[in-house]
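Chemist: All chains should be built: construct the whole structure from the sequences, respecting the hints.
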Amino acid sequence: MEYCGGGTLRKYIDDSHLLGNPRNIWKLFSEILSGLDYVHRQGMIHRDIKPMNILLDIEGHIKIGDFGLATKDLLLKQTAAVPCASESQEQGVLYYL
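Convert by adding 40 to the 1-based position in the sequence shown; the result is the number in the numbering used here.
No lab work stands behind these hints, which were simulated from the structure alone.
Virtual Cβ for every residue (Gly too), placed ideally from N, Cα, C.
Treat the hints loosely; a few may be bogus.
Unchecked claim - Listed next, with one range per pair, are the computed distances between beta-carbon atoms: (1) K112 to P62: 29 to 39 Å; (2) G83 to N61: 29 to 39 Å; (3) S56 to Q82: 28 to 38 Å; (4) G60 to E99: 15 to 25 Å; (5) M84 to G60: 26 to 36 Å; (6) I98 to N61: 14 to 24 Å; (7) K112 to I65: 30 to 40 Å; (8) D54 to K112: 25 to 35 Å; (9) I72 to G108: 13 to 23 Å; (10) S56 to G83: 33 to 43 Å; (11) G45 to K112: 25 to 35 Å.
Modeler: Structural data, given as structure tokens:
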């Protein structure tokens, strides 16, 4: 993965770069959605999207990181009939679930 000198989206939000700038918010979310669209077209599901896993390069462009919980879309289709996971199967960070 390439170096992302802009830090995480979490740090970017905490540093208040998003406050009062709707164009900047729109640009960031547009890039996030474009990145997720690409991931999904590759047959993958990220399963852990949160501000800490969204990185910015030095020009402010979005990079999606941490694919540790990612899975192939095919796997999800095979298990889609299961209504919910047991507590022992839940993964991710509770705050973002």
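Chemist: Now look at each hint and say whether the structure bears it out.
Modeler: Hint by hint, here is what the structure shows:
Restraint check, K112 to P62: a C-beta distance of roughly 36 Å satisfies the suggested window 29 to 39 Å. Distance hint check for G83 and N61: the Cβ-Cβ separation is about 35 Å, which falls inside the suggested range of 29 to 39 Å. Remark: the range hint 28 to 38 Å for S56 to Q82 is upheld by a beta-carbon distance near 34 Å. At roughly 21 Å, the beta carbons of G60 and E99 sit within the given window of 15 to 25 Å.
Look at M84 against G60: about 35 Å separates their beta carbons, and that is inside 26 to 36 Å. For the hinted restraint 14 to 24 Å between I98 and N61, the CB-CB distance of approximately 19 Å keeps it satisfied. Restraint check, K112 to I65: a C-beta distance of roughly 32 Å satisfies the suggested window 30 to 40 Å. Checked against the given bound of 25 to 35 Å, the beta carbons of D54 and K112, roughly 34 Å apart, stay inside it.
The supplied range of 13 to 23 Å is met by I72 and G108, whose beta-carbon atoms lie about 18 Å from each other. The given range of 33 to 43 Å is respected by S56 and G83, whose C-beta atoms sit roughly 37 Å from each other. Against the hinted window of 25 to 35 Å, the Cβ-Cβ separation of G45 and K112 comes to about 31 Å, which satisfies the hint.
Taken one by one, the earlier hints all hold for this structure without exception.
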